Structure formats: C-alpha cells, structure tokens
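Input sequences plus hints: build the corresponding full structure.
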Amino acid sequence: MRIGLALPPLALFVALALAAPAHGATTFHVNTEVDNNDGSCDPAPGDCSLREANNASSAGDTIDLPAGTYQLGSELVIDHPLTIAGQGPASTIVTANGDHRVMLIDGGTQVLRGLTITGGNADSQSAGGGIYDSTTEPLKLKNARVTNNNVNFDGATGATRAGGGGIFSKGPVEVDGGSIDSNHVFLGFDQGVSGSGGGGIYATGALTLRNTELHNNIMQVQSSRTNGDPAAADGGGAAYARGAVTARGTTIAQNNATVTAGGGTTMKDGGGGIYAKGGNVTITNSTFWNNAANLDVVIIDNGGAGLYSFGGATKLTNVTLNGNSTARGTGGGVYREGGSVTLRNTILAANTSAPSTGPGNPDNCAGGVTSAGHNLESANTCGLKKPGDIKNRNPKLGTLASNGGPTRTLALKKGSPAIDAAVKCPATDQRGVRRPRGRACDIGAYEANVPNVKTGAAKKVGSGGATLTGTVNPGGRPTSYVFRYGKTKAYGSTTPATAAGSGRTNVPATFHLKGLKPGKTYHYRLVATNSAGTERGADRTFKTAAAS
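Taken in order, the sequence shown gives residues 308 to 855; the numbers are from the working numbering.
Honestly, the hints are just simulated from the structure, not real lab data.
You may find that some hints are simply not true.
[Said to hold, decoys possible] With a cut-off of at most 20 Å between alpha-carbon atoms, the simulated SDA-like pairs for lysine to any residue come out as follows:
1. Lys796 with Thr774
2. Lys761 with Arg746
3. Lys698 with Gly674
[Said to hold, decoys possible] So the derived label-pair ranges between C-beta atoms look like this:
4. Arg811 with Thr706: 20 to 28 Å
5. Thr376 with Asp345: 14 to 22 Å
6. Thr443 with Arg746: 47 to 55 Å
7. Arg746 with Ala708: 23 to 31 Å
8. Pro350 with Ala397: 25 to 33 Å
Predicted, not measured: the structure shown is a model, and the values here were computed from it.
Ideal placement from N, C-alpha and C gives every residue a C-beta, glycine not left out.
Below is the structure:
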C-alpha cells in the first residue's frame, strides 16, 4: 500500500517555483563595430553591437567583444552585473572619441577584461571621464587599459569628491594587470575645493592594484577666489583613495598633482602618485618613480610627491621610491599626515622638495615615519635607526625599464648597497623573480639577478689534492666562477675562472686542486660573478691525508 502526502495548491506552486532553474549566464557575441541600437542582438552578421548586447543581457551575463575599435555615439549605461571581455587592450578598443563619457555604471559588480577604455570626456560632469561607477559594488579591471580620458570642469561654488579622469567609483576598484595612463583632471572653481583629485582613479571604496602601471596621469585643482576659501585634502596624480589601498607588483610613474588656491590656502594637499585619505595602506614590491606634487600659495601640511598618507596605518615593504619631487611642500617620497607609516626593506632615493619651482633639496620623508629595519635612504631625512637601515648611500638604481615581469622596474646596478641587505622579504620581487638570489634578499622592489652560489663538500681528498664542488645558478646572465682556498679564511689562492653559462638552473661547479700539503686543514669557498654582481658561497674546510 503506497501512502503519499497531498500538498495544498499554494504550497505546490511555491515548491515548483523553487525547483525551477535560475537564469543561466549567457554569452553575447558582438559582431559589429557600428554603434547600432535597433532593439535586438541577433547572431546575423552585423546585427549585434556592443550597445545592443548590453541592452539584451541580464545580470551575470558576459559580452564577448572581438578585436576592433568600437566608437560609441553616447555613453554606454550598464545597469546590471556584467562582464565585458575583449581580446586584449591592444586589440579591443572602446572609445567615446572625446565627445562624452565612455561608460556609466549603475548596477552591480562589473568586470572589464582585455580591452581599452579611451577618449572619454566628462566636461559637463565633475567626475569620471572614462568610467563613472555610481554603485557601491566592485569594479574589476583585468588586463585592461584606461587611457586618454578627461574631466575638465569649471564651477562657481566649489566641489567635494570630484575627479577621476580615468575612473570614478563610489565603491571598491580592483585593477589587475594592464594600465591606467595619460588621463587628465582639471577642476576650476571660484570657491574652495576639497576631497577631490585622482588623475587616473578616484575610489571611494577600497582600491586594489596588482601587477599594473599607473603612469602619466595629471590632476589639477584650481580655486581662483581670494577670500581665503581653502583647497583642502586634494591630490592624487595617479589615484585618490578614500578607503583602504592595497598595491602589489605595481609601478606608479610620472604622475602629477597640481593644486592652486589663488589667494587662499592649500591644506593637506599633494600626493603626486597616490593620495590615501584615511584608509589603511599596504604596498608591497612596488615602484614610485618621478611623480610630482606642485602646490601654491599658503602651505599647510602639503607634499608627498610619491605617496601622501592621511590618517591610516601605512605599511611599505620592499618598495622603491625614487626621483619624486614636490614644489612648495615637503616629503618628496612619503608624507605622513596622521596615522602611521612603517617602512621595511624600502629604498628612498633622490626624492626632493623645494620652496618653489626649480631644483629641490633631498627630502625623502616628512611627517615622521617608523622603520621596521633594513631600509636604504640616499640622504638622512627619514630618521632611520633600526638594525639594517642604511643612510646617506646611493642605491645605484637603473632607469625605469622593462626588466621582465608585467611592469617596468628600477634595476639594481652592480655594487648596489641594497643587494643582499634585506630580511623578511616577500617570496618574489615585483617582476615575480624568486627571492632571495644570493645570500639574502635585496632592499627595494627589484631582486638583482646575481648568481646563486652554494659551496659543496670536498671530494677525493688525498695527501696532496682534493676536488672542490658546488653549484652555481647564473640567474639568466653570463656567469663565471672560481674557488678561493688556503690555510685560513683569508684564502690566498684562486682557481682559474670557469664559465657557468647564462641559464636559470643550477650548474655543477668543480675544480681539482693539486700540490697541497699533507695533513693540513684548508678553507675554501665558491665565488661566482655576473654583470649584476658577485656572490660568495659559505666557507668550508677539508683536511688532507697524512703523508704515507
């Protein structure tokens, strides 16, 4: 006998509704560069534009955007969570051609992958030349480029929270790979301006940067009124962040923040690279190079050409700050305004400040910083006193260049005091090269490609000879090795140089010594040299057999 339970009609309807499959994510394939909008996205050739795919899509869908240049006749409004996937930033380009903003995001998490956003112009708005995200949901860019977008806005009554030449977001922003470059913000007002800037990015929520470059972005704020209205807490040539900032493997280069207050006051302005307004900041394996903060008129707590930290807990680990400069401010490298700044394994070199335009004086830090040890400063402005700190030394940096990895870096030249001078370092450097190479990690974002050397055991030890062994990893550069040996740690004798090649794997190193004294203890070590430097293996000993 079978017994069942009868469901009332309403319960049965609810059960069936819950069992119904949810909307499955759909991929829309764009097949025309023309900005059509006839109400449908059809697979027929030339009948599914980017705009039509956006309008036809639902939350969680993906738009597949082939290589090509997509010129938009008006800003693209996205009102639901969506992924737009191009074929790479050099191949897939979405442009507004300088006529209007490129994208207005008004709903859900967005993922922009493998494309370029360019030609945006927000002249009639005060924020978001390329992308304006009005939501508090994450905006994620993966291997994307945001370039040559513009905010140019004049107002009569001042402004707060304006800017973001490339991107303005009311929520968190994540940038992984690609670049944010050559974007521009100009904010001109008759009255005071505050909390504004971000030539490249303005993020109200958390800002996360991974393996990306922010370069050649410009932020200009100008308040022309002379009644004392301030320009306050403005800046960020590359980025202005009101939330937490996390950067890893990132280069911030050649960005500029300029703040002019007419006859008024500039207060707490600057940050040619990043202006961090209150959130905690964690920066690892990253480079700040040749950024500028130019301030004007009355100066109160202005500067920070590389990084301006306002109120949060800031930690810099294996970071290189070089050649950043501020005019009418202080702290060419780092400026601390409240909160804390802690440095570990970090290079601060040739950063300057000046009372006006022109050459500046050495000024790597201002506002007081805390050392966690093993930092290197080219001058003595940071108050470094912890073990391993190095002051008044030239780190011998190269120029910003592609040295491998996703971003440009400043290589350490041969003989740099930063080589083998760091402890407690990340597992890799900014390029992804494993640390350490040599006896210890290097200070800064770049691990020099010195050879890795290990002195091995002596073998075939007799009364008058022995075979010395070891391994050498050339680190990708032509490398040679020798053994140094003798009856003390002063050694005194050296074997002929032997080539170890230029690979990136361990190479056996051997040499058979002859003519040794019987019954004696000898010290020896393996030493390898390439264009990045010389590395010495550990001292070891052996004792020859007694004479028979």
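Verification of the hints:
1. Between the alpha carbons of lysine 796 and threonine 774 the distance comes to roughly 18 Å, so the proposed pair stays at or under 20 Å and holds.
2. Annotation: proposed proximity of lysine 761 to arginine 746 holds, straight-line Cα distance about 9 Å (limit 20 Å).
3. For a cut-off of 20 Å, the pair hint linking lysine 698 to glycine 674 stands: about 18 Å separates their Cα positions.
4. The given range of 20 to 28 Å is respected by arginine 811 and threonine 706, whose C-beta atoms sit roughly 24 Å from each other.
5. Restraint check, threonine 376 to aspartate 345: a C-beta distance of roughly 21 Å satisfies the suggested window 14 to 22 Å.
6. For the pair threonine 443 and arginine 746, the beta carbons lie near 48 Å from each other, so the given range of 47 to 55 Å is met.
7. The hint said 23 to 31 Å for the Cβ distance between arginine 746 and alanine 708, and at roughly 26 Å that hint holds.
8. The hinted range of 25 to 33 Å is satisfied by proline 350 and alanine 397, whose Cβ atoms lie roughly 27 Å apart.
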